[in-house]
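Chains A and B are the protein sequences, given in the same order. Taking numbering that gives the first Met the number 0, the leading residue of the first sequence gets 0, the next gets one more, and so forth. Taking numbering that gives the first Met the number 0, the leading residue of the second sequence gets 0, the next gets one more, and so forth.
Watch out, some of these pointers could steer you wrong.
[As the list claims (entries may be wrong)] Between beta-carbon pairs, the in silico distance windows are: (1) A:Glu374 / B:Arg107: 26 to 32 Å; (2) A:Met642 / B:Thr9: 33 to 39 Å; (3) B:Tyr38 / A:Glu270: 25 to 31 Å; (4) A:Glu374 / B:Ala91: 32 to 38 Å; (5) B:Arg179 / A:Gly257: 55 to 61 Å.
[As the list claims (entries may be wrong)] Far from chain B, by Cβ distances over 12 Å, these chain A residues were calculated: (6) Ala124; (7) Ala125; (8) Val127; (9) Gly171; (10) Gln204; (11) Trp362; (12) Thr416; (13) Arg418; (14) Val442.
Honestly, the hints are just simulated from the structure, not real lab data. Just so it is clear, CB atoms sit at the ideal spot from N, CA and C, and this is done for glycine as well.
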Amino acid sequence: MASLPAPSLLDAGIHAQRWIAAYCQQPLHGDVLAAGRDRAAWTAMFEELAAVAGDDLGHARERVQRHAEDIGTGFRIIGESDERPWPASPVPLLIGAAEWAGIAAGVAQRAELLETILADLYGEAALVRRGLIPAALVGGSPYFMRPMVGLVPPGGHHLNFIAVDLGRGPTGEWRVLGDHLRAPIGAGYALENRLAVSRTLDGLQSRLNVARHAPFFAAFREGLAAACRRVEPRIGLLTPGRYAASYTEQAHLARYLGLLLVEGDDLAVLEDRLYVRTIGGLKRIDALWRRTDPRMLDPLAFDSHSRIGVPGLIDAMAAGEVVIANAPGAGVLESAAFGAFLPALAMRLTGRDLILPNIATWWCGQDGALAAVREDFDALLIGPAFGVAPLGLPGGVALHGSDITGAARALLLDDMTRRPEDYVGQEVVRLSTMPVVADDRLVARPFTLRVFAARDAKGDWTIMPGGFARIGDDSDPRANVMGEGSWSADVVIHGAESVEQVSLLPATDSVHIRRNPGTLPSRVADNFFWLGRYLERGEALLGVIRVMLGNSIDADAGAGLHSATVGKLVGLVVNAGAAPHPPSLRRSDLTQFARTALEADQQYSSVRWLNRMARGIGQGSRDRLSADMVRLLDAPMPTRGGMLDRAGSLQRRYAALSGLSAEHMGRTASWRFHDLGRRIERALVVTRALWAFGLTGASADDLSTLLDIADSQISYRQRYLTGIARVPVVDLVALDPGNPRALAFQIDAICAHMKALPVLGDDGMDEAQQAQAAGLMAIVSTATAAGLDADMLADIERRLFALSDAVARRYFLQGAEPLRAAGMTLA
Amino acid sequence: MIYDIRHITTFDYGRQVNFARCNLRLKPIHWSGQTLQDYHLSVSPAGRTAPARAEAGLANVTRLVIEEPVRHLVIESVSRIVVDRPVPMPSASDPTLAEIAAAARISRDPSPAGPAAYLFPSPLIPLDRDIADWCAQELQPDRPCLEAAMGLARRIQEEFAFDTEATLVDTIPHEAFVKRGGVCQDFAQIMITGLRAAGLPAAYASGYIRTLPPPGQERLVGADATHAWVLLWCGEALGWVGVDPTNGIWMAGDHIVMAIGRDYAEIAPIDGVVLGSGAQKMDVSVDVAPVSDMA
Numbered sequence: 000m001a002s003l004p005a006p007s008l009l010d011a012g013i014h015a016q017r018w019i020a021a022y023c024q025q026p027l028h029g030d031v032l033a034a035g036r037d038r039a040a041w042t043a044m045f046e047e048l049a050a051v052a053g054d055d056l057g058h059a060r061e062r063v064q065r066h067a068e069d070i071g072t073g074f075r076i077i078g079e080s081d082e083r084p085w086p087a088s089p090v091p092l093l094i095g096a097a098e099w100a101g102i103a104a105g106v107a108q109r110a111e112l113l114e115t116i117l118a119d120l121y122g123e124a125a126l127v128r129r130g131l132i133p134a135a136l137v138g139g140s141p142y143f144m145r146p147m148v149g150l151v152p153p154g155g156h157h158l159n160f161i162a163v164d165l166g167r168g169p170t171g172e173w174r175v176l177g178d179h180l181r182a183p184i185g186a187g188y189a190l191e192n193r194l195a196v197s198r199t200l201d202g203l204q205s206r207l208n209v210a211r212h213a214p215f216f217a218a219f220r221e222g223l224a225a226a227c228r229r230v231e232p233r234i235g236l237l238t239p240g241r242y243a244a245s246y247t248e249q250a251h252l253a254r255y256l257g258l259l260l261v262e263g264d265d266l267a268v269l270e271d272r273l274y275v276r277t278i279g280g281l282k283r284i285d286a287l288w289r290r291t292d293p294r295m296l297d298p299l300a301f302d303s304h305s306r307i308g309v310p311g312l313i314d315a316m317a318a319g320e321v322v323i324a325n326a327p328g329a330g331v332l333e334s335a336a337f338g339a340f341l342p343a344l345a346m347r348l349t350g351r352d353l354i355l356p357n358i359a360t361w362w363c364g365q366d367g368a369l370a371a372v373r374e375d376f377d378a379l380l381i382g383p384a385f386g387v388a389p390l391g392l393p394g395g396v397a398l399h400g401s402d403i404t405g406a407a408r409a410l411l412l413d414d415m416t417r418r419p420e421d422y423v424g425q426e427v428v429r430l431s432t433m434p435v436v437a438d439d440r441l442v443a444r445p446f447t448l449r450v451f452a453a454r455d456a457k458g459d460w461t462i463m464p465g466g467f468a469r470i471g472d473d474s475d476p477r478a479n480v481m482g483e484g485s486w487s488a489d490v491v492i493h494g495a496e497s498v499e500q501v502s503l504l505p506a507t508d509s510v511h512i513r514r515n516p517g518t519l520p521s522r523v524a525d526n527f528f529w530l531g532r533y534l535e536r537g538e539a540l541l542g543v544i545r546v547m548l549g550n551s552i553d554a555d556a557g558a559g560l561h562s563a564t565v566g567k568l569v570g571l572v573v574n575a576g577a578a579p580h581p582p583s584l585r586r587s588d589l590t591q592f593a594r595t596a597l598e599a600d601q602q603y604s605s606v607r608w609l610n611r612m613a614r615g616i617g618q619g620s621r622d623r624l625s626a627d628m629v630r631l632l633d634a635p636m637p638t639r640g641g642m643l644d645r646a647g648s649l650q651r652r653y654a655a656l657s658g659l660s661a662e663h664m665g666r667t668a669s670w671r672f673h674d675l676g677r678r679i680e681r682a683l684v685v686t687r688a689l690w691a692f693g694l695t696g697a698s699a700d701d702l703s704t705l706l707d708i709a710d711s712q713i714s715y716r717q718r719y720l721t722g723i724a725r726v727p728v729v730d731l732v733a734l735d736p737g738n739p740r741a742l743a744f745q746i747d748a749i750c751a752h753m754k755a756l757p758v759l760g761d762d763g764m765d766e767a768q769q770a771q772a773a774g775l776m777a778i779v780s781t782a783t784a785a786g787l788d789a790d791m792l793a794d795i796e797r798r799l800f801a802l803s804d805a806v807a808r809r810y811f812l813q814g815a816e817p818l819r820a821a822g823m824t825l826a
Numbered sequence: 000m001i002y003d004i005r006h007i008t009t010f011d012y013g014r015q016v017n018f019a020r021c022n023l024r025l026k027p028i029h030w031s032g033q034t035l036q037d038y039h040l041s042v043s044p045a046g047r048t049a050p051a052r053a054e055a056g057l058a059n060v061t062r063l064v065i066e067e068p069v070r071h072l073v074i075e076s077v078s079r080i081v082v083d084r085p086v087p088m089p090s091a092s093d094p095t096l097a098e099i100a101a102a103a104r105i106s107r108d109p110s111p112a113g114p115a116a117y118l119f120p121s122p123l124i125p126l127d128r129d130i131a132d133w134c135a136q137e138l139q140p141d142r143p144c145l146e147a148a149m150g151l152a153r154r155i156q157e158e159f160a161f162d163t164e165a166t167l168v169d170t171i172p173h174e175a176f177v178k179r180g181g182v183c184q185d186f187a188q189i190m191i192t193g194l195r196a197a198g199l200p201a202a203y204a205s206g207y208i209r210t211l212p213p214p215g216q217e218r219l220v221g222a223d224a225t226h227a228w229v230l231l232w233c234g235e236a237l238g239w240v241g242v243d244p245t246n247g248i249w250m251a252g253d254h255i256v257m258a259i260g261r262d263y264a265e266i267a268p269i270d271g272v273v274l275g276s277g278a279q280k281m282d283v284s285v286d287v288a289p290v291s292d293m294a
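Just chain A, with the same shape it has in the complex (with noise of 0.2 Å):
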């Protein structure tokens, strides 16, 4: 550095070398900081982390940890419906570029064998006519897609993009622990643990000239475009939906690639073309990126009990209309017994050794390997040779031989000589170590590495320069034991000749300027509309609470409403099927008749009940919402203070998001619909409130009640000197164009929404949704307040129901409910 260091920067030099110091005087055997060649820099890293947590590295790895909750990372825990943080170290893996190249080199190799194979598997099988692969290697994988066979993928390819599982031993050599053909998971944690970090060490990048994502992102998008039909083709994730365990990593790489999410519902195939259904009709899809368990992927080809599935995708896949990476199928080759092939293949098909080796491995279904393996059984791993548990490994998982005993071994030994194809022996690999933070200090934990590579636009395989640590949860260095660990870390690469500064921003010039971007699915039109309605009902709903309550709840004096009125109230929200009747109007029954109504965990359309439907809602649209407005989402009922207290912070909540999405929401389609939703159900809240509080005969609390549900107490008295009366009051409420709670606004704005939205013909006849919304605003602007009566208001709230539907029926998935045709008679 040629500028003098600050004196924080001295402070952060002497924390630095001290940790690293007290780290290496820990026993440590083959640790890449304590034993590797790169000391200069871990220390520069160390040196950033001290800048900016001084000494305190519990206060570094909260930094770090706060600013990967701010991106969004979050994954699920099968079976859990809570998303949880990622936990994100904040000390990186730091890999020099020379040893870099050598893993690289190494996997782009790989890949390429395996693509060989698979050619070769699902094409003429000349590896196995020959010999050189069991017929049984290839029926024992759950992942081998028999249709497949002669489908030559469009694009020419099976695998696009692939990650590799690497262990490092102790004297600093790489081996491949696994192999990720299907949907491998990691590469959106990849960038979203570096985008973490960087935040957090914003000077590590120039300082160790670290090696760039996105040109690895942009190399394999531009590979995926390059194997389709179309010049500028429309490219999908297609996603199991947002109960995935990635789902989140899903929508942050659609995000991020600028690909559309899409679930198999949005979904069609016509005349061996794919299809998304959007708000504008069916629009081509070109390509899929799937993160879906292949088998689900079809119900034609493949399972037929698939309901995530889109029929006739294979068809559109072997007419060469649609690009599908990877290649359903590609599993086949993860099974653990393909290592006891592998070095074999390699020198066969590439004429040189793996550069990177596997993990030695027996097949126990091949002669004389399973002898070998029960010989030195208790020094190997024994696992299942595929992606299925055995009989005598009934927890699916490798074990080591000598932790298996009594009853357990002898059962599993049986197995083995019954069904030895299942089962493999593998050499037990030993991890070397890397710091993490734990209790504020530095210690030493096991690590394995994923690597991720792509295939590029020329057909060549880039690696992603970096990838994802997973750390383990305790010290024990043996591979499998560490599972999927519980700490990631990011993996910067170093002292690159030079670093691009690539970003996927692209270039001005090529780019069309579009106003209204992209295809807006229709089932995210519908999500939109819905999560629209369910907040604004939400509002409304607690809204009628107070007002029922009186803002004086902890206070002894009662509503101080009539008791007609306050019944009206109770009808409101009763007919809202948000709680039952009160047995009676008395003070305590009204307050366990709102707390139901508020928190009720069953209760439908509950103000719980309507959080969690707006929430499972945002989890599925993460693609499309601000982060901040997830996290609001995402934010648990409130728990402190009285029931007063706990309504009003939802209150304040919902206005948030509703200023959130007045505001921060790009005035897009999938704007419209939300906002759509919330001008329907406003218009329905203030029907209602009219019918009960504004006919001939209201009393004064009535109306007051009413301006107070319309919110709208303050216009009134800004504009009426004179006490309340009947008229003025329904005119405000009901026909003010110019009051954004009255019921004339939002029949407006849905007009507009109306107009804005795309229709299918070209004809220039209004459809249904649009003959709709034009009758509802003949009827608001001819009536006056004096001629509003029960009626009238039964009618505008049949339309507006009929609009609703209309718009559904228009712009949604309607009625695609698959059912099934299985199911014979068998004698």
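With chain A fixed as given, assemble chain B onto it according to the hints.
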């Protein structure tokens, strides 16, 4: 023996369905001991049919697409087939179970007619320790394969009750095993579970069986249904041998193979997707009539 087979499937939907795509695996496959002479498929209302391009099992697959809205759909499959299949004769010199297991493991046949894929559990026939242990009593590794296969089939036939109420089409083998009852599909799946647990390649066959009329009575027309049994691969020389645990007999002149797969899910006679809502009712009638006793 020549058979005329008429297999009629009728679907009634509670409400109109708008778009149906199905796989039909109704046309009997080419298989040793049987020759298809004539075949006719008719669908009402008429849809588009085309051969499907690839399949998981051994089946003749036709893709059916019906674009017009329907409430009532009839699929009629008519075959005339010559069956001339000798009854296997077990012998002490047959390969042992251990020998055929080893031969299957090293097989170089990648095709769906090869034994390799049938060594392993499949979606409807998972590994099951209880069934494995029960079947193992008949499956000593040094036993000649045909004798062992018939021994297991007869034991299932004797100890299990034929009971159409006991199970459904998606009942897992374990449940039928515990109940000691079920129909042909259950018995075939239980036997396959046991054979695979012993490391043997076993396939699921679906098709038809001639129902022998009781003496002095007319054969019941239309009372028959599709049938299911087991194929065991017995080494390169003997190949696939069929055995029917429902009746405790070999697959011979009374069996007509429609399709072969790892389990029912791969070769269901009709499956697919229809778009609509509401209930679906299905009715199947099968008639297997011998044309003459001369092959």
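- Which of the numbered hints above does this structure break? 2, 6, 7, 8, 11, 12 and 13
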